[in-house]
Every structure is written in structure tokens, then in C-alpha cells.
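Enquirer: Below are the chains, spelled out letter by letter.
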Amino acid sequence: MNHETILKMGRYRELSLKDADPGVVKNLHRFMLRLRRCEEALIAEYHPADEMKCPIHFCIGQEAVPAALSVVIKPEDYLFSHHRTHGFYLAKGGPMNSLFAEMYGKATGASGGLAGSQDLSMPSVNFCSGAILSGATALAVGAALGFQRQKKKHVAVAGFGDGASDEGVFWEGLNYAALHKLPIVFVCENNRYSTYSPQFKRMASENISERVATFGVTARTVFGNDVMACTSMLREMVEGARAGRGPYFLEAFTYRMNSHVGPEDDSYVGYRPKEEFDFWQQNCPISLLEERMVEQNLLSAPEKEKILKKINSEIAASFEFAKKSPFPGNAEWSKLNYSRGSPLADQLLKDCELKEFNQNQADTIPGPY
Amino acid sequence: MPPQTFGKAINQALTQAMELSPDVMVLGQLVDYKSGVFGTTTGLVERFGPERVQDFPVSEGLMTSAAIGAALVGMRPVIVHQRIDFMMYSLDAIVNWLSLMRFKSNGHSNLPVTIRAIVGKGWGQGPQHSKSLHAWFAHLPGLKVAVPATAYDAKGLLLESIFGEDPVMIIEHRSLYSMTEDVPEAPYRVRFGHAHVRRRGKDVTLVAIGSMVPMALRAADQLASESIDVEVVDLRTLSPLDDGTVCESVSKTKRLVVADPAWRSVSVAAEIIALVSERLGDKLLANPQRICFPDSHTPMSAPLEKEYYPDEARMVQVVRKASLE
Ligand SMILES: Cc1ncc(C[n+]2csc(CCOP(=O)(O)OP(=O)(O)O)c2C)c(N)n1
Chain Z
1 MNHETILKMG RYRELSLKDA DPGVVKNLHR FMLRLRRCEE ALIAEYHPAD EMKCPIHFCI
61 GQEAVPAALS VVIKPEDYLF SHHRTHGFYL AKGGPMNSLF AEMYGKATGA SGGLAGSQDL
121 SMPSVNFCSG AILSGATALA VGAALGFQRQ KKKHVAVAGF GDGASDEGVF WEGLNYAALH
181 KLPIVFVCEN NRYSTYSPQF KRMASENISE RVATFGVTAR TVFGNDVMAC TSMLREMVEG
241 ARAGRGPYFL EAFTYRMNSH VGPEDDSYVG YRPKEEFDFW QQNCPISLLE ERMVEQNLLS
301 APEKEKILKK INSEIAASFE FAKKSPFPGN AEWSKLNYSR GSPLADQLLK DCELKEFNQN
361 QADTIPGPY
Chain S
1 MPPQTFGKAI NQALTQAMEL SPDVMVLGQL VDYKSGVFGT TTGLVERFGP ERVQDFPVSE
61 GLMTSAAIGA ALVGMRPVIV HQRIDFMMYS LDAIVNWLSL MRFKSNGHSN LPVTIRAIVG
121 KGWGQGPQHS KSLHAWFAHL PGLKVAVPAT AYDAKGLLLE SIFGEDPVMI IEHRSLYSMT
181 EDVPEAPYRV RFGHAHVRRR GKDVTLVAIG SMVPMALRAA DQLASESIDV EVVDLRTLSP
241 LDDGTVCESV SKTKRLVVAD PAWRSVSVAA EIIALVSERL GDKLLANPQR ICFPDSHTPM
301 SAPLEKEYYP DEARMVQVVR KASLE
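Keeping their order, the protein sequence lines are chains Z and S.
Be aware that the first sequence starts at 1, since it is given in our numbering, and climbs by one per residue.
Be aware that the second sequence starts at 1, since it is given in our numbering, and climbs by one per residue.
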């Protein structure tokens, strides 16, 4: 599967609820709606008052992978993400209040207003992101190493885009993870573009997973707007990684509907064909799922209304929380960058007086190299 | 001389360099799009083709190493980073190869590689889009470092770099791109190691770097109304550094303030103060001062960002104090 073959599919008909737990299906649906509404609400508020003074990479159209992750990973698992953070953050159970507050640069934000959308982190829910492309995928490898050493049955998940796989550090991490069979799942949301640059301008072959497989990593592709397929694949991978059969790589083909950064319509740049855009609009992950849910009597119009009402009031409350929250007070810069104490060192180490300096030590005979 | 923005002047320098020599090529993410890295590369691909103007994969480490290899065999590559932060993947290539090649080949190899790296500021750029790392690179032997503050310098230093024989890092501050100035049409050079006295004064020397230069000139204007006569020295290049012009100015004014858009500790500001102290310490009438960023990463939150970056008022205050002491 790749973007070329996907475009030939027309409207996607394969999403299936067979064997699915109705409770899970409803959770997936609710998650996607909530994420979509969050993004739409942030977009509506983004420019008018310019109160969110930070770049935001919106993820409208890319709701399925975070939704799938939200039902297959556990609180103790760790999720690392790139700059397009909101979906992954919510997937990890990050609260909406602190997400919104972070956008407003408030003290109550997930990162206390210091980081903003593209560097959002929340250690309390095991979520970390950063704007340096691919860097976080390598951190995920380290987290997986830690879990393995600590003999914990936790999994590290790295969420990133096709562009991130241009970086060398990504392939280094992949090699190392394969070598040590680390409990990690790499989830590549292949939305075909790195900013404006399409995959074929950056790679000789479009399919990243084929290359990944040659590293000895189980690699698969999925239509990334089919939330059910994403869920079952990610479930298998996360469980496999948890059982020590990792690492895994999932290439989920999806699409972002807004500009790379900010909410604008960037069609004037002319970097993506209209047919492509229309295809993905017709295959919105939420409507694909809803269509089946309605068929199976899992969703009715009044039910959806009810869900939306709840989400909207949560969003309204989060805006209120964010806007009412205080800005961080005057900064004590040195305290923001260094710890003031060393509790473990205090516990494990003694202060030691250096009685005398061996002035001859520089003359010790050098080794054979 | 038509007025030109800083961004347009860079665009003109690149266009002219590519016209002057087929060995010049431009590599970087999105250099071949209309938006062209804040307008600095707009139009190049239409003119010179995709072989010479390349949208590079997100592989900064490779980009620098490849530029080094290309330069070894005779090319004069210019590489572009939308943010200096993204360039960090190329540290090995810069530190262990680029800056070292002339030295370790005993002068037989040289690498005319130009690296353009942009620093972001304001509107929540946050800690991974705003680092000012010129001091790091000025510390490194074998690499020239320029921090242009005007459109004129941006064009002249870029051309000098492209057609010079050594690797150069040009650090451009995004806040300067829209500033306009009269810029000669013809390709011209601004040599490295020549600071420029942008304002003559006798009471205090204000040495400024990059984005601090326009602020320093405004502060000097304001202080002039209080009858404090500030001499503003724009360093232009940090490596080589024009210590002569700095010391000459301080010998006259006997007071020194350095405005360096970077962290305070172990900064270029610290270096300037050190070299003035070594040579003129006994002649100074006041303790030298620095105007820098706190030793902290950049906060995203707007009020903290405002507190983080020194403003004109703070600069006026520091210079006034130094001149009255
Ligand atoms: C090391 C580095 N280089 C360049 C950038 C600039 N940049 C930010 S996002 C992006 C494109 C990312 O594309 P992809 O990984 O596919 O993720 P997407 O934005 O499509 O979700 C680029 C090039 C960066 N953030 N970090």
C-alpha cells in the first residue's frame, strides 16, 4: 500500500466492525470527535484575538491513529511524539485543560506555558514531544531500553511523520531497537508531505515500511483513516512488544487537512493536487467509522448530539480554564534550568575533601593507543 | 541604490552568485518553493533548475557532509536552515570535518561551504526554534562566523562567503528580514573581520551584534536627547573578530557596553569584555556591562518571552548607568 494505490480506491469501503467490542468502537468514535472538535475550537479561537501566541500544527484528518493508540496503550506506557502533538497528547490521557492552557502560555499549561504546542510534554501522563524532527523517536528507543533493563512490561511508542524518516537518527534507532529486541512500537503517520515537500521529492521509493523491514523489524502498512484497522494492528503490535517480540513499525497512510502549521488553507502553494485533497476529505476517519456504526445501530443522530454536547461543554470549560488561568509569574531563569538539590546524591554519596593533588599523574605512561 | 529588504538582499546575493559561477548550488528544505525560506530563495529554482536549487530531505547531518564532499571536488554549496536549531544534527560534520579540513590537510584542502542558519524570535517560538548559538561557532577555529544586521551586510557578507575559500556560518535573525536599506545592485563584497562604526559618539562604546544593532541605534538616539553620546559598533563578523575597531573606540570613550543576542555566560559579549580588559583595563572609567539573554532556554509564554528578551528600555538603562558611573 502507498499513497498512489490509495488514491485509486475511491471511497474506502473496507472498514469493518466485525468482532469489535461495541464499547471500544464507541470509545474510538468519542475520542476522534473530541480531538476533531478540540482542533476546530482552537482554530476558531486562534487568530481573532491572537491570544495563543505560538505556532500550532493541527491534526484534523489524522484522528484515527491517536484514537487507536488511546485504546491500546496503558497509562504506564510512554508515548513520544513530534511537533504535531495534540492527538498523541490526548491519546496518552493528557487533560484538555492543560492542553488549552499551554496554548495560551499559562502557568497551568502542561508545560507551565514554557513550551507551547510543538514542544508539549507531560511527564505525569508519560508523554513527551519535541519540535526537532525525529529526535523523539530516538528518545523512545531509550525509554524502551530502560523498560527492558528494568524488566518492566511497559512499551514505548514513537509517533512521527514520513518526513521524520528522512533523518539518520531514525534509522540508527531502528537498528538498535532491532538488535536488542526492544519493547517499542514506531508509528509513522505517513501524510505524504514534509511541510510542502512530497515524499517522492525526498525518497526514491515511497514505501517506508519496506525499508524498515530490512532492519529486522516487523513492519506493516495500514489505511490510516480506518480506525478499526489501525486499532487491531496497533493492539497486536503493542501486545507483541509487551511480550518481548518487538520492535514493531506501523506505517499508517493518512492526510492532514490544514496547512502544515497554522489553520490556513494552503492550496495556493499548489503542492498538493485537488483530487488528492478531495479524496481524503471524502475519507474522513470519523465519517468512515460513523457510517458503519449507524449501520450496526451503534450510533444514532440523538446519541451523536449527546456526545457532541458533552464534548462542547468540556471544550468551553477548558477555554474558560485556560483564559482565566494566570500567566507564569516573573521568571527565575536559573531555577527553570537547574535543579536546586540532589536528593539521591545526598542519600548515596559523601562529601569528600581532596587532601592533596598528585601532581605527577599527568605523567603516567600512556596506553598502547 | 534601490532600497531593499534584508530578505530580498539575500535573495539577490544568491541569484547573482549563481549567475557568476556554475559551481554555486543551494541546498535546503523548501528552497525551491515560492515562499522560499522567508523569501530568500524565491525564484532561484525557476532560474537555475532543480539540480542547482535542491529541496533537501530532512537530513541536516547528511546535507552538511554532502556539502563538504561537494566542496572538496570544487563546488561552492550554500546550505540553508530554517532554524539554527535544526542544524544541530550536523554538529559532527561542522566540528569534526568542516572546520578542520584546511588544518588537517596542512592547507591542501579547503572548503568553501556557506551555511545560512536562521534564528527565530517572538510569538512563542519556544525552546527548539530560537537558540542563538553564534558563540559556539565563533569558538571553533577554522570556521568564519558572520552575524549581519543590515541588508547591505547580508548581501555583501553572503557573496564574500560564497566566493571566499573557507567555510562560513552566517547567522541571520528572522526579525531583521523586513528591514530595508539602500543596497547596491551590483555584486559586491563585505570583508570579514571589519566591524562598522554605525554611529560616532564620545561618551560610551556600545558594541552590538546582529539583531541588537537596530536596537542599539534607537537606544543611542534616545540617549542623545539626554546628552549622552553613544558610539555604536556593529561587529558584523565574530570570527574573525575586529578587535582593533572595538579597542580604538573604547580607547576614546573609556566605557564599554556589549549587546549580544545570546545567553550571557561564556558569550561573545564575555569575550569582548575580556579582550578590552586585557588591553585597556586600566583606562576604563566604568565597569564594562553586558546586555544578553538570561542563562535560560527560551520560554514560549508571551509575558515570559517579553521578560526574556532585553528591550530598548533596558538597553537605555544599562548604557546610561555605564556612562554616568
Ligand atoms: C531537525 C529538523 N529539521 C527540520 C525541521 C522543520 N520541520 C518541521 S515539521 C517538518 C516536516 C515534518 O514532516 P513529517 O515528519 O512528515 O510530519 P508531519 O508534519 O507531516 O506530520 C519540518 C521539515 C524540524 N522541525 N526539525
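Just so you know, these hints were derived from the structure itself, not from any lab.
It is possible that part of the hints are untrue.
Derived DMTMM-like pairs: lysine to aspartate or glutamate, alpha-carbon spacing no greater than 25 angstroms straight-line [unchecked claim]:
{"hint": "1", "chain 1": "Z", "residue 1": "Lys53", "chain 2": "S", "residue 2": "Glu51"}
{"hint": "2", "chain 1": "S", "residue 1": "Lys121", "chain 2": "Z", "residue 2": "Glu51"}
{"hint": "3", "chain 1": "Z", "residue 1": "Lys53", "chain 2": "S", "residue 2": "Asp23"}
{"hint": "4", "chain 1": "S", "residue 1": "Lys121", "chain 2": "Z", "residue 2": "Asp50"}
{"hint": "5", "chain 1": "Z", "residue 1": "Lys53", "chain 2": "S", "residue 2": "Glu248"}
{"hint": "6", "chain 1": "S", "residue 1": "Lys34", "chain 2": "Z", "residue 2": "Glu51"}
{"hint": "7", "chain 1": "S", "residue 1": "Lys306", "chain 2": "Z", "residue 2": "Glu51"}
{"hint": "8", "chain 1": "S", "residue 1": "Lys306", "chain 2": "Z", "residue 2": "Asp266"}
{"hint": "9", "chain 1": "S", "residue 1": "Lys34", "chain 2": "Z", "residue 2": "Glu45"}
{"hint": "10", "chain 1": "Z", "residue 1": "Lys335", "chain 2": "S", "residue 2": "Glu307"}
{"hint": "11", "chain 1": "Z", "residue 1": "Lys201", "chain 2": "S", "residue 2": "Asp295"}
{"hint": "12", "chain 1": "S", "residue 1": "Lys202", "chain 2": "S", "residue 2": "Glu165"}
{"hint": "13", "chain 1": "S", "residue 1": "Lys321", "chain 2": "S", "residue 2": "Glu271"}
{"hint": "14", "chain 1": "Z", "residue 1": "Lys335", "chain 2": "S", "residue 2": "Asp23"}
{"hint": "15", "chain 1": "S", "residue 1": "Lys202", "chain 2": "Z", "residue 2": "Glu239"}
{"hint": "16", "chain 1": "Z", "residue 1": "Lys324", "chain 2": "S", "residue 2": "Glu307"}
{"hint": "17", "chain 1": "S", "residue 1": "Lys34", "chain 2": "Z", "residue 2": "Glu264"}
Enquirer: CA of Lys53/Z to CA of Asp23/S, is that 25 angstroms or under?
Expert: violated (42 angstroms)
Enquirer: Does the alpha-carbon distance linking Lys202/S and Glu165/S stay inside the 25 angstroms limit?
Expert: Since the Cα atoms of Lys202/S and Glu165/S sit roughly 38 angstroms apart, the hinted pair is violated (cutoff 25 angstroms).
Enquirer: Under the criterion that the straight-line Cα-Cα distance not exceed 25 angstroms, is the pair Lys34/S, Glu264/Z satisfied?
Expert: Given pair Lys34/S, Glu264/Z holds - Cα atoms ~17 angstroms apart, limit 25 angstroms.
Enquirer: With the threshold set at 25 angstroms, check whether the alpha-carbon distance from Lys202/S to Glu239/Z stays at or below it.
Expert: violated (74 angstroms)
Enquirer: Mind checking the alpha carbons of Lys321/S and Glu271/S for me, to see if they're no more than 25 angstroms apart?
Expert: holds (21 angstroms)
Enquirer: Mind checking the alpha carbons of Lys121/S and Asp50/Z for me, to see if they're no more than 25 angstroms apart?
Expert: Cα-Cα ~17 angstroms, so holds.
Enquirer: Given the hint that Lys53/Z pairs with Glu51/S, does the C-alpha gap stay at or below 25 angstroms?
Expert: Distance ~38 angstroms between Lys53/Z and Glu51/S Cα, so the pair is violated.
Enquirer: Is it true that the CA of Lys53/Z sits at most 25 angstroms from the CA of Glu248/S?
Expert: With Cα atoms ~43 angstroms apart, Lys53/Z and Glu248/S exceed 25 angstroms; violated.
Enquirer: Lys335/Z and Asp23/S: Cα distance at most 25 angstroms?
Expert: Since the Cα atoms of Lys335/Z and Asp23/S sit roughly 50 angstroms apart, the hinted pair is violated (cutoff 25 angstroms).
Enquirer: Given the hint that Lys121/S pairs with Glu51/Z, test it: the Cα-Cα distance must not exceed 25 angstroms.
Expert: holds (17 angstroms)
Enquirer: Between Lys201/Z and Asp295/S, is the straight-line Cα distance small enough, at 25 angstroms or below?
Expert: violated (40 angstroms)
Enquirer: Between the alpha carbons of Lys34/S and Glu51/Z, is the straight-line distance 25 angstroms or under?
Expert: violated (29 angstroms)
Hint compliance for this structure: hints 1, 3, 5, 6, 8, 9, 11, 12, 14 and 15 are broken, all remaining hints hold.
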